[in-house]
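A.B. asks: Start from chain A and add chain B according to the hints.
Protein chains in written order, with this note's numbering: chain A, 1 to 290; chain B, 1 to 291.
Where hints are given, some of them may not hold.
Claimed, not checked - To give an idea of the interface, some chain A residues facing chain B are shown, with a C-beta separation under 8 angstroms as derived from the structure:
| no. | residue |
| --- | --- |
| 1 | ILE37 |
| 2 | THR64 |
| 3 | PRO118 |
| 4 | LEU218 |
| 5 | LEU245 |
| 6 | PHE246 |
Bear in mind the hints are in silico, worked out from the structure with no lab data behind them.
For each residue, glycine too, the CB sits at the ideal point set by N, CA and C.
For reference, the chains in residue letters:
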Amino acid sequence: MTVAPGASLKRIAANWVGVIPFLAFAAIFLLLPTVNIVIGAFRGPDGGFTLDTLAKLFEPRLATSFWLSIRVSLFSAALGALLGFLIAASVIHGGLPAWVRAPLVTFSGVAANFAGVPLAFAFIATLGRLGLVTVLLRDWFGVNIYAMGFNLISFWGLIFVYLYFQVSLMILIITPALEGLKREWREAAESLGASGLQYWWMVALPVLLPSLLGTFALLFANSFGAIATAQALTGSSQSLITVQLFAQIRGDVLQDPNLGYAIAFGMIVITAVANAIYIILRTRAEKWQK
Amino acid sequence: MTDRPDTLEPELVSPAPTVPAPTAVAPRRRRVGPALSWVFFGLGMVYFALPLIGMFEFSLRKRRGTYSFDAYTSVLSDPQFQATFSYSVVMSLVTIVLGMALVLPAALWVRIRLPAMRPVVEFITLLPLVIPVIVIAFGYLRMFNTSSFLPMTGTATGTNILLAFGYATLALPYMYRAIDNGLRTLDVQTLTEAAQILGAGWFTILFRIMLPNVFTAILSGAFLTFSIVLGEYVFAALLDRPAFGPYMIWTGGNRAYEPAALAVIAFSITWGCMGLIQLAGRLFPHTRASR
Numbered sequence: 001m002t003v004a005p006g007a008s009l010k011r012i013a014a015n016w017v018g019v020i021p022f023l024a025f026a027a028i029f030l031l032l033p034t035v036n037i038v039i040g041a042f043r044g045p046d047g048g049f050t051l052d053t054l055a056k057l058f059e060p061r062l063a064t065s066f067w068l069s070i071r072v073s074l075f076s077a078a079l080g081a082l083l084g085f086l087i088a089a090s091v092i093h094g095g096l097p098a099w100v101r102a103p104l105v106t107f108s109g110v111a112a113n114f115a116g117v118p119l120a121f122a123f124i125a126t127l128g129r130l131g132l133v134t135v136l137l138r139d140w141f142g143v144n145i146y147a148m149g150f151n152l153i154s155f156w157g158l159i160f161v162y163l164y165f166q167v168s169l170m171i172l173i174i175t176p177a178l179e180g181l182k183r184e185w186r187e188a189a190e191s192l193g194a195s196g197l198q199y200w201w202m203v204a205l206p207v208l209l210p211s212l213l214g215t216f217a218l219l220f221a222n223s224f225g226a227i228a229t230a231q232a233l234t235g236s237s238q239s240l241i242t243v244q245l246f247a248q249i250r251g252d253v254l255q256d257p258n259l260g261y262a263i264a265f266g267m268i269v270i271t272a273v274a275n276a277i278y279i280i281l282r283t284r285a286e287k288w289q290k
Numbered sequence: 001m002t003d004r005p006d007t008l009e010p011e012l013v014s015p016a017p018t019v020p021a022p023t024a025v026a027p028r029r030r031r032v033g034p035a036l037s038w039v040f041f042g043l044g045m046v047y048f049a050l051p052l053i054g055m056f057e058f059s060l061r062k063r064r065g066t067y068s069f070d071a072y073t074s075v076l077s078d079p080q081f082q083a084t085f086s087y088s089v090v091m092s093l094v095t096i097v098l099g100m101a102l103v104l105p106a107a108l109w110v111r112i113r114l115p116a117m118r119p120v121v122e123f124i125t126l127l128p129l130v131i132p133v134i135v136i137a138f139g140y141l142r143m144f145n146t147s148s149f150l151p152m153t154g155t156a157t158g159t160n161i162l163l164a165f166g167y168a169t170l171a172l173p174y175m176y177r178a179i180d181n182g183l184r185t186l187d188v189q190t191l192t193e194a195a196q197i198l199g200a201g202w203f204t205i206l207f208r209i210m211l212p213n214v215f216t217a218i219l220s221g222a223f224l225t226f227s228i229v230l231g232e233y234v235f236a237a238l239l240d241r242p243a244f245g246p247y248m249i250w251t252g253g254n255r256a257y258e259p260a261a262l263a264v265i266a267f268s269i270t271w272g273c274m275g276l277i278q279l280a281g282r283l284f285p286h287t288r289a290s291r
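Isolated chain A (complex conformation) (with noise of 0.2 angstroms):
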């Protein structure tokens, strides 16, 4: 419903008013608070312009938190999309019965909301020092997994834990694509003498490769910004950029209110590189398919 040139202004008010609302508020409570922040990054403590606060993010204490955060987030990313694509896969197209999928969806949107402080409670609990498949494994098989050097509170610990919201959203995420991919291709693909293995490489996956693409920057975001879990899980002693910019927050223990701005702008740098990566990949996965 286009407005004619010589629309009133009340015919342009009814086309304006129930989007006004949404708006402004985005703008006061989202949009403002964020540039605030951008800005803030830029200033001294005298309120000038400047990059030395910029600076201090690349000191080591914050360099190595920056970089934590990262690969943890790539890692849990990168993992849990491929076994996220696996179990989805498996269950749409590697012949288990049709009543296991419904079950997984729902269970799979459970899982993805399962986060922060009481995963990391059924974490401890599962796997802690006193946890049941700590405490089983040791009565029933004499096997000690922290003697082995086991850790849930390390690098690889929390990557385990953040994959349990990571490859439930993926599932969640890539079951409606793998079920678009159409039986006539598979078909047609094999009729021209395909192997199974260069269906999905040559075909499914260019198909998928948008997609895929898109939940792995949701991903890398979704782990990037995750705080609760962490703090829960490890206190402090995995030191993740979220942790370090709470405890600044909280309470100013850089001794320095604008390094806050720093950090929080250095997060907002990382996620809106990987959205833009994301944004440039998809562009090139989808040109063929138009």
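C.D. replies: Leaving out everything else, chain B in the frame of chain A:
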């Protein structure tokens, strides 16, 4: 594939209602090797099930030597639990009402009257997934503190309202997706035109035609928001509000078995919300009818 939204973009996070698997989907033909499929599926199930079993078993261990529900009794009778839990429940309800009041008209308007703004609105609803929550919360603390132009954190009521606003931003992606998916299955344009021909005004169109038709979508968005807000930690902790999320963290540091009981409770609530979403889809199936 008729009853499923045709293009599900990858950004869609909405774990919201899954349309029951279309019966038209072709029967599987065994290719990947069912054995391998079962292995992947089985490993996945073990990984997903063990933490749930672990936390449940752990929550029963409070009394020495025997299983009991002591941890639950202890949690449920804790006045702190009751206070923080009811606080978070109220906050979720406020968030749902607020979020719906913002998102529903916007989603409808960009479909009916302002399609040009659709990309903008969609982009905004995706931002909360990209900007880390802690950054938004930090921005709130700096923008709405006592020395700012809108000193909301000065009073408890002001901070409560600010928290609800924060939660509404977190819920934006999920609410918008849910409602937009609901609208997608309707032919909004035709319905609007038909109503107009019959003499309906905009009020009638909005409340008597669109609203009942997206009722299921609204419900699923609401339940999802409820489960997200209930356990939220960062916003509540930074704004220093007595919510359920910070209480759980506190318990984790100070109790042994109660955290597992809390985790079981939180999981049951999430599961309950997802169950209600499914139920809503089944009870009001007409809203999912294909055009």
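A.B. asks: Against this structure, judge whether each hint is valid.
C.D. replies: To see whether the hints hold, each was checked on the structure:
| no. | hint | verdict |
| --- | --- | --- |
| 1 | ILE37 | 5 angstroms, holds |
| 2 | THR64 | 18 angstroms, violated |
| 3 | PRO118 | 4 angstroms, holds |
| 4 | LEU218 | 7 angstroms, holds |
| 5 | LEU245 | 6 angstroms, holds |
| 6 | PHE246 | 6 angstroms, holds |
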